[in-house]
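Peer 1: I would like the entire structure built from these sequences, with the hints used as guidance.
2 protein chains.
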Amino acid sequence: MSITMHDVAALAGVSLKTVSNVVNDYPHIKPETRQRVVDAIETLGYRPNLTARGLRSGRTGVISLIIPDLRNAYFAELADSVMRAADAKGLSVIIEQSGADRARELEVLRGSRMQMVDGVLYSALALGEEDAHLLDSVTTPMVLLGERIFHGPTDHVTMLNTEGAKAATEHLIGIGRRRIIALGAHEGEVIGSAGLRLEGYRQALDEAGIPFDTRLVCEVGDWFRFEGAEGMRRILASGVAFDGVVAFNDSMALGAMRVMQEAGLRIPQDVAVIGFDDIDETRYTLPTLSTINPGREEIAEVAIRYLQERINNPGSTPPPREHFTRFELVQRESTTV
Amino acid sequence: MSITMHDVAALAGVSLKTVSNVVNDYPHIKPETRQRVVDAIETLGYRPNLTARGLRSGRTGVISLIIPDLRNAYFAELADSVMRAADAKGLSVIIEQSGADRARELEVLRGSRMQMVDGVLYSALALGEEDAHLLDSVTTPMVLLGERIFHGPTDHVTMLNTEGAKAATEHLIGIGRRRIIALGAHEGEVIGSAGLRLEGYRQALDEAGIPFDTRLVCEVGDWFRFEGAEGMRRILASGVAFDGVVAFNDSMALGAMRVMQEAGLRIPQDVAVIGFDDIDETRYTLPTLSTINPGREEIAEVAIRYLQERINNPGSTPPPREHFTRFELVQRESTTV
DNA sequence: GTGAAAGCGCTAACAT
DNA sequence: ATGTTAGCGCTTTCAC
Numbered sequence: 001m002s003i004t005m006h007d008v009a010a011l012a013g014v015s016l017k018t019v020s021n022v023v024n025d026y027p028h029i030k031p032e033t034r035q036r037v038v039d040a041i042e043t044l045g046y047r048p049n050l051t052a053r054g055l056r057s058g059r060t061g062v063i064s065l066i067i068p069d070l071r072n073a074y075f076a077e078l079a080d081s082v083m084r085a086a087d088a089k090g091l092s093v094i095i096e097q098s099g100a101d102r103a104r105e106l107e108v109l110r111g112s113r114m115q116m117v118d119g120v121l122y123s124a125l126a127l128g129e130e131d132a133h134l135l136d137s138v139t140t141p142m143v144l145l146g147e148r149i150f151h152g153p154t155d156h157v158t159m160l161n162t163e164g165a166k167a168a169t170e171h172l173i174g175i176g177r178r179r180i181i182a183l184g185a186h187e188g189e190v191i192g193s194a195g196l197r198l199e200g201y202r203q204a205l206d207e208a209g210i211p212f213d214t215r216l217v218c219e220v221g222d223w224f225r226f227e228g229a230e231g232m233r234r235i236l237a238s239g240v241a242f243d244g245v246v247a248f249n250d251s252m253a254l255g256a257m258r259v260m261q262e263a264g265l266r267i268p269q270d271v272a273v274i275g276f277d278d279i280d281e282t283r284y285t286l287p288t289l290s291t292i293n294p295g296r297e298e299i300a301e302v303a304i305r306y307l308q309e310r311i312n313n314p315g316s317t318p319p320p321r322e323h324f325t326r327f328e329l330v331q332r333e334s335t336t337v
Numbered sequence: 001m002s003i004t005m006h007d008v009a010a011l012a013g014v015s016l017k018t019v020s021n022v023v024n025d026y027p028h029i030k031p032e033t034r035q036r037v038v039d040a041i042e043t044l045g046y047r048p049n050l051t052a053r054g055l056r057s058g059r060t061g062v063i064s065l066i067i068p069d070l071r072n073a074y075f076a077e078l079a080d081s082v083m084r085a086a087d088a089k090g091l092s093v094i095i096e097q098s099g100a101d102r103a104r105e106l107e108v109l110r111g112s113r114m115q116m117v118d119g120v121l122y123s124a125l126a127l128g129e130e131d132a133h134l135l136d137s138v139t140t141p142m143v144l145l146g147e148r149i150f151h152g153p154t155d156h157v158t159m160l161n162t163e164g165a166k167a168a169t170e171h172l173i174g175i176g177r178r179r180i181i182a183l184g185a186h187e188g189e190v191i192g193s194a195g196l197r198l199e200g201y202r203q204a205l206d207e208a209g210i211p212f213d214t215r216l217v218c219e220v221g222d223w224f225r226f227e228g229a230e231g232m233r234r235i236l237a238s239g240v241a242f243d244g245v246v247a248f249n250d251s252m253a254l255g256a257m258r259v260m261q262e263a264g265l266r267i268p269q270d271v272a273v274i275g276f277d278d279i280d281e282t283r284y285t286l287p288t289l290s291t292i293n294p295g296r297e298e299i300a301e302v303a304i305r306y307l308q309e310r311i312n313n314p315g316s317t318p319p320p321r322e323h324f325t326r327f328e329l330v331q332r333e334s335t336t337v
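Order-wise, the sequence lines are chains B and U. Under the working numbering, think of the first position of the first sequence as 1, with each following residue one higher. Under the working numbering, think of the first position of the second sequence as 1, with each following residue one higher.
It should be emphasised that the hints constitute simulated quantities derived from the structure, not laboratory data. Think of the CB as a built atom: it goes at the ideal place given N, C-alpha and C, for glycine as much as any other residue. Just so you know, not all the hints are guaranteed correct.
[To be verified] Over 12 Å on every C-beta distance to chain U, these chain B residues come out as not near it, computed from the model:
(1) 6
(2) 16
(3) 79
(4) 330
[Claimed, not checked] Chain B regions said to be covered by chain U (calculated; three or more residues, Cβ under 8 Å):
(5) 47 to 61
(6) 71 to 77
(7) 93 to 107
[Unchecked claim] Label pairs and their in silico Cβ distance ranges:
(8) U:266 with B:111: 30 to 40 Å
(9) U:212 with B:103: 22 to 32 Å
(10) B:266 with U:134: 50 to 60 Å
(11) B:38 with U:151: 34 to 44 Å
(12) B:188 with U:134: 49 to 59 Å
(13) U:151 with B:35: 35 to 45 Å
(14) B:30 with U:101: 37 to 47 Å
Peer 2: Here is the structure:
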């Protein structure tokens, strides 16, 4: 049996309500009363029961973060940023992995765990624009992360994908590259990281007057290292000439780099490479990898702020907001000639 | 206002208890009654309120995982394994980062979040054997992970560190290496990953009749890539001859590999390298990295099982158990000559 | 400024 | 096999 407010109230000789007021930092309490309560809490080692508080107040102080997979460095780092931002606001974070699986991404939304969190940060990978309406029925406050769904019924925080990819491509063009591979395309995709980033790649080529060549566009399935490696193997096998690679994430860039190095290509002399995400690892590879930093900390901070605003104002439902973070091009050895 | 059991009971024309029984899969319910309740749940879209259930039953179905830092690939992968094992048992996981900071590791133990979880998986990095008594006062069921505290008051799951390091060293000796660097030592440490692994390294040398040379022992602070790189720089600067490296984790091995490659050393021809942890990345570096797989999935599975046993039998307090997982040596290019 | 009472939604006894 | 009753520990009216 644990210590309850009752015990504290009894020891301090006050009522339940007064203890509650002290615990919740209510302003109007006589200093000496407050002190007596604080002492009683101290001597008894009282800790509020958060479950009871949650039941009564309707708030648990817990949010959930739904991401595809923690083993993916980008999401591990995103989770880290989210947990820091949440911690600063006194929130705990339950992480749920969806495995980028459509069925599971939907299941998690309906799952009963949703009943015990105040809000959800939702980073979908398999759902798309056509699923936006499925979010209408979600009553828990939610902030969307990522590029799969725009103009949904909820707040949305993401980076400027097209602009980032354009900047990456311009950077390669700026160091004299003309035959640039786009690694990580998804056929027919318009919305979504792949679609948006390919668009940025095209814009950069257009503005530089470089013709778009479909042989330089490498389509892959998932964005793991393996796929980056496989994609590069296909490029090499095709015999197409190239002198630069814009990979749509760092993992693929690293997989491709390994394949190129095995094939005897020198980076950046023969092929300059730039990735996306600025995962920690890019600082330590050989060569180190230039990349686009998507502003993970800003994403986490803004997402938490939006979520908390929704949580704290359950009545009002202002229209969904959209926040685009600033990105930053980080130049490292893979594009320094 | 959300739908409660009351609403379901009213619609199905049964009592609260019956609804509760159906929801909790109680065995003895007339099939037709059950069906009526199920239908009512369906039409109303009822979801049990987990907070209320938690308050009443004393169990929330949430555990917390306390780890140093998700940005560390080993812990991200451990968290992934833990979440999968927990999910299979219907448990949710709150992750808390301690930053390998002693004060924070202790704070997290006393934190009020502990009041809302059924149990804790605790992976300390800064606490040590001398802090074991601090765990006595923790009433929440707990399973220790890692090597900092043995013979504490709680269950403990870890790998066979000494044996793993011994096997790694023997592997290098087996391919003809005699001057082997031990990368990642902590001066004076006996317990803890560094101490135990250094011991395994010594045992392997002893058994092979190779003299222990302190100039080959490289001490570092944290076990990040940066420290591995710095340690290797010091080794190279010292001018000591060597033909093998046993790194006490993969991150350091990769940092060291990069420095060696920059210095023109070929791996594995000039220096064979083996790490520890089998993080995903080791499969994709150039060369791929041989390593000791610590059996993360087994660690997660056993830890969750132990924890659940403690949670489900709050009365009985059998003595603390200790489980050592099997490790596996994974040979890759960095030790294949 | 503080107290008394009500009840958040659920499950565990104890009936029937 | 199902219904009734009584709280879990807290916050929130509403008094005083």
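Peer 1: Does each hint hold? Answer for all of them.
Peer 2: Each hint tested on the structure:
no.: 1; hint: 6; in the structure: holds, 15 Å
no.: 2; hint: 16; in the structure: holds, 16 Å
no.: 3; hint: 79; in the structure: violated, 5 Å
no.: 4; hint: 330; in the structure: holds, 17 Å
no.: 5; hint: 47 to 61; in the structure: holds (count 9)
no.: 6; hint: 71 to 77; in the structure: holds (count 4)
no.: 7; hint: 93 to 107; in the structure: holds (count 5)
no.: 8; hint: U:266 with B:111: 30 to 40 Å; in the structure: violated, 52 Å
no.: 9; hint: U:212 with B:103: 22 to 32 Å; in the structure: violated, 56 Å
no.: 10; hint: B:266 with U:134: 50 to 60 Å; in the structure: holds, 55 Å
no.: 11; hint: B:38 with U:151: 34 to 44 Å; in the structure: holds, 37 Å
no.: 12; hint: B:188 with U:134: 49 to 59 Å; in the structure: holds, 58 Å
no.: 13; hint: U:151 with B:35: 35 to 45 Å; in the structure: holds, 42 Å
no.: 14; hint: B:30 with U:101: 37 to 47 Å; in the structure: holds, 38 Å
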